[in-house]
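Engineer: Here the protein sequences line up with chains A and B, keeping their order. Reminder that position 10 of the first sequence reads as 9 in numbering that gives the first Met the number 0, one-by-one numbering, no gaps. Reminder that position 205 of the second sequence reads as 204 in numbering that gives the first Met the number 0, one-by-one numbering, no gaps.
What the hints contain is simulated information worked out from the structure, not anything from laboratory work. Remember, predicted model here, so these are calculated numbers, not experimental data. Ideal Cβ positions, reconstructed from N, Cα and C, are used throughout, including at glycine. Keep in mind that the hints are not guaranteed to be accurate.
Negatives, chain B to chain A, calculated, CB over 12 Å [stated by the list, open to error]:
#1 Ile2
#2 Cys23
#3 Asp53
#4 Phe56
#5 Asn101
#6 Asp107
#7 Val112
#8 Asn175
#9 Thr217
To spell it out: a stretch of chain A is covered by chain B in this simulated footprint if at least three of its residues, at any positions, have a beta carbon under 8 Å from a beta carbon of chain B; those stretches are [unchecked claim]:
#10 180-192
#11 232-246
Here's the letter readout for the chains.
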Amino acid sequence: MTDILRSRIMIIYTIVLLATSLSLFSLEDNANKGLLSLLNIILIIVPLFSLLFSTIYIYNSAEFIELLVSQPLQRKSIWLSFSVGLAISLSMAFVIGIGVPVLLFQFNAIGFLLLIVGILLTVIFVAIALWAAVQIRDKAKGIGLAILLWMYFSLLFDGFVLFLLFQFADYPLEKPMILVSALNPIDLGRILILLQLDISAMMGYTGAIFKDFFGTIAGVTIAFITLTLWIIIPLYFSTHKFNRKDL
Amino acid sequence: MIIANNVTKQYGKLKALDNVSVTCNKGECVILIGPNGSGKTTLIKCILGMAIPDSGFITFDKKNINKDWAYRAAIGYMPQIGKYPENMTIGQLLGMMKDIRNTQQVLDEDLIVGFKLNSLLHKRMGTLSGGTTQKVSAALAFLFNPAVLILDEPTAGLDPIASEILKEKIIAEKDNGKLILVTSHVLSDLDDLVTEVIYMQEGKLCFHQSIEILRQNTGEEKLAKAIATIMLKNA
Numbered sequence: 000m001t002d003i004l005r006s007r008i009m010i011i012y013t014i015v016l017l018a019t020s021l022s023l024f025s026l027e028d029n030a031n032k033g034l035l036s037l038l039n040i041i042l043i044i045v046p047l048f049s050l051l052f053s054t055i056y057i058y059n060s061a062e063f064i065e066l067l068v069s070q071p072l073q074r075k076s077i078w079l080s081f082s083v084g085l086a087i088s089l090s091m092a093f094v095i096g097i098g099v100p101v102l103l104f105q106f107n108a109i110g111f112l113l114l115i116v117g118i119l120l121t122v123i124f125v126a127i128a129l130w131a132a133v134q135i136r137d138k139a140k141g142i143g144l145a146i147l148l149w150m151y152f153s154l155l156f157d158g159f160v161l162f163l164l165f166q167f168a169d170y171p172l173e174k175p176m177i178l179v180s181a182l183n184p185i186d187l188g189r190i191l192i193l194l195q196l197d198i199s200a201m202m203g204y205t206g207a208i209f210k211d212f213f214g215t216i217a218g219v220t221i222a223f224i225t226l227t228l229w230i231i232i233p234l235y236f237s238t239h240k241f242n243r244k245d246l
Numbered sequence: 000m001i002i003a004n005n006v007t008k009q010y011g012k013l014k015a016l017d018n019v020s021v022t023c024n025k026g027e028c029v030i031l032i033g034p035n036g037s038g039k040t041t042l043i044k045c046i047l048g049m050a051i052p053d054s055g056f057i058t059f060d061k062k063n064i065n066k067d068w069a070y071r072a073a074i075g076y077m078p079q080i081g082k083y084p085e086n087m088t089i090g091q092l093l094g095m096m097k098d099i100r101n102t103q104q105v106l107d108e109d110l111i112v113g114f115k116l117n118s119l120l121h122k123r124m125g126t127l128s129g130g131t132t133q134k135v136s137a138a139l140a141f142l143f144n145p146a147v148l149i150l151d152e153p154t155a156g157l158d159p160i161a162s163e164i165l166k167e168k169i170i171a172e173k174d175n176g177k178l179i180l181v182t183s184h185v186l187s188d189l190d191d192l193v194t195e196v197i198y199m200q201e202g203k204l205c206f207h208q209s210i211e212i213l214r215q216n217t218g219e220e221k222l223a224k225a226i227a228t229i230m231l232k233n234a
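Bound conformation, chain B alone (with noise of 0.2 Å):
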C-alpha cells in the first residue's frame, strides 16, 4: 500500500533521512523503532506529506503522492504531541473534522465510546490535560475509518487503561485488514500486536523484518530483548 522508493531529506547538515525504501502491506502492523532523532518521525511526515522528500518518492496505492492530496482521505493520523486551538471545544473539533472529511460513511465511535469522551463535549481543547488531548487525537484518528492509521508515540501519555483500549482498537483494525504503522520506544507495550518492525538508525533504515523471523534469528521471545541483541550487533 505505502512504498518509500530511496526517499532522502535533508535539514540543512542533517540527514533525516537517507536513502530508504520502505514497503508496508495491508493488515500489517509495522512498527517502526530507533532511537531518538533517527528519522522516524520524519518518515512518517513524508508520507503524510508534511515533508517533501529532496530525492526518491513515496506512492500510495500505487499512486505517487506529491502534489496529491486527496489520498490522506484513507489515512488516520494520530500526532505525537496534538495541539489545537485553545478555545474550541472537543465537540466543535470533532464536527470541524467531520466537515473536512465530509465523509457518508458510517463513524468509527469505538474510541470516543471506550475514552468517554462524550461527557466531555463542551470542554475547551486549553483546559484538557495532556492524556485527554491524546485520547481526542487518537479518536479522531480512527473516527473514519481509514484504511490506513499512522499513529506516532500512541501510548505515551496515556494511562494504563485508556493505552489497553488503543492497543485493543489497534488489534482489532489490524484484523479488519488495515495498515497501521506505528512509532514507539515503549517496546513491550505493543509485543503482542507487532507483525513487522523497521528499526532506523541515523537516518538510516537498519532492517525491516516481520516479527517471527526477528524472533527466530536472536532467539528472543520479548520484541524488546530481540531488539537489544539487534542493536549490541550493530554497536
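One chain only, chain A, in its complex shape (with noise of 0.2 Å):
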C-alpha cells in the first residue's frame, strides 16, 4: 500500500534530482581531477545535498503529510516510506550522478567502497535531516538546523579532535580516537577510503591514526556496522518523535 505511494511520488521526484545531480556531478567530474575529487565532492556535497534536501522536502511535504495522516495509514509507516523514498532516490541521483563514472574510469574494489560508502553517507544524512525536521517545526529553524549539523560534521569535528589532541598530546590517545572517529560518519569514510587509496598525505590528522585499526577486515565490518547504526539511531528517534507529533 504505502510502497506504491512511495514510488509514486518518489519517482518524479528521483527524475527532477537526477536532472540536477547529475548536471552538477558531471560538471565537477569534466574538471577530470579523478578519483580524490570525487572523494571530496562527496564527503562534502553529498551530505549537505542529502540533508538540504530532505528537510526542505519534508517542510515543504507539510501540509501533504498532515492529508496523509488523515487517511487511514500509519504514522510510522507514512513516515518510513517518506524516508525510504527519500533514501533511495537521492541514493539513486548519487549512483547514477557519481557511480557511472567512477564505474567507468575507476572500476575496482576502490571505486565500489567509494561508491558504498557514498550511498551510506547520503542514507545517513537522509536519517538525520529527518530528524532534524521532525524536532524543529520552524522551516527556517530546521533548515538552519540541518546546515548547522552538516558544519558540524564536515568542519568543527576536525577541529574539536586537533584540539582535543593538541589539549592531550602527553597521553597515549590512539585507542580513545577510534572511539571518536565513530562519532562522525562522514570521517569514517574519509578514514576507510583514503586507507585504501594509500595516500598517508591527504590524511587529516584524525586519520592518520588509525593505520593498524581500520587497515584490518575487523576495522573495516566495525566502521561499517558504526555507518549502519548512523542510519538507525536517528530514524528510530525520528519516527518515535512523530508518532507522537501534533501535526
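Mind assembling these two chains? They're in different frames, but the hints should get you there.
Structural biologist: What follows is the structure, encoded as C-alpha cells:
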C-alpha cells in the first residue's frame, strides 16, 4: 500500500533530482581531477545535499503529510515511506551521478568502496535530516539546524578532534580516537577510503592514527556497522517523535 | 458517531482547546464557527488524529481513536489549505489516494465530474491555481463515500459556481445520512444546509444548538444575524 505511495511520489522526484545532481556532478567530473576530487565531493557535497534536500522536502510536504495522516494509514508507515523514498531517490541520484563515471574510469575495489560509502553517507544524512525536520516546527530554523549539523560533521568536528589531540598530547590517545571517529560518519567514510587509496599525505590528523585499526577486515566491518548505526539511530528517534507529534 | 469528552489541548501557554465536549450524530450537518484562533481547526485535528489531546478522549463509533488509525477510512477530510507534491499530476494524486484506500466500493466521482477535473488530469499540482487545488481537495474528500465528511473552510477560494456545486453535494450527502462537519466563517454561504451550530471562543465551547432552537431563541431568521446576536450577548 504505502510502497506504491512511495514509488509514485518518488519516481517523479527522482527524475527531477537526477537532472539536477547529474548536471552538478558531471560538471565536477569534467574538471577531471579524478577519484580524489570525487572523494571530496562525496564527503562534502553529498551530506550537504542530502541534508538540505530532505529537510526542505519534508517541510514543503507538511500539508501533504497532514493529509496523509488524515487517511487510514499508520503514522509509522507514512514516516518510513518518506524516509525510504528520500533515501532511495537520493541514492539513485548519487549512483547515476557519481557511480557511472566512477565505474567507467575506476572499475575496481576502491571505486566500489567509494560508491558504498557515498550511498551510506546519503542515507545517514537523510536520516539525520528527518530527525532535524521532525524536531523543529519552523522551516527556517529546521533548515538552519540541518546546515549547522552539516558544519559540525564536516568542519567543526575535525577542529574539535585536533583540539583534543593537542590538549592531551602527553597521553596515549590512539584507542580513544578510534571511538571518537565513530562519532562522525563523514570522518569514518574518509578514513575508510583514504586507507584503501594509500595516500597518507591526504589524511587529516584524525585519520593518521587509524591505519592499524581500519586496515584490517575486522576494522572495516566495525566501521560499516557503525555507519549502519548512524542510519538506524536517528531514524528510530525521528519515527518515535513523529508518532507523537502534533501536526 | 463522534463524541469528544473533555478534550484539552495546549500549545505552549496557549490553551487551544479547553475542556471541550461535543457529540455529533449521523445525518447532521454541523457547522463549527468562532473567531480566528478559537480552536476550530485544532478540534478537527484532534478528531483526525493529527493532534493528540493532552487530556480527555475522542471516540468514533464508540471506539477510542487514540492509537487507532483504521477509523479514518470512514472520514473524508478537506483541508483548509491543500498543498500537494508539486510534480504530481491530478491523475497520479487520485490514483495514489485510491491505492491508499484500496477500496472495493464504488467511487463517488460526482465532484470530479462537477468540477470538470477529468480534463485536467494530466496537469501538475504545482501549476494549479488555489481554487482548482481546493476543487481537487473537495473531490478527494468525497471520493470514497465516507460516512463522515470533515470540511475545513470548504468554500474559501472557490468561485460561486463551484461553491454552489459543493453545497449541493453537501446537502445530498447529508440527506444520505452522513455526518458533515464544516468549519466556516462565511456564514451566509451555508444558511440553507446547516442543522447544528457549534460556537467556539478561545478554546471553549460556547454553545451547541440545533439551528431551529437557535432561530427561536434569537428571533432571527438568518444564521449570521442569529450568531451576531449571541456574540453580542456574550461580549
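Engineer: If a hint holds in the structure, say so; if it doesn't, say that too.
Structural biologist: Structure-based check of each hint:
no.: 1; hint: Ile2; result: holds, 19 Å
no.: 2; hint: Cys23; result: holds, 17 Å
no.: 3; hint: Asp53; result: violated, 10 Å
no.: 4; hint: Phe56; result: holds, 16 Å
no.: 5; hint: Asn101; result: violated, 6 Å
no.: 6; hint: Asp107; result: holds, 16 Å
no.: 7; hint: Val112; result: holds, 22 Å
no.: 8; hint: Asn175; result: holds, 21 Å
no.: 9; hint: Thr217; result: holds, 35 Å
no.: 10; hint: 180-192; result: violated (count 0)
no.: 11; hint: 232-246; result: holds (count 3)
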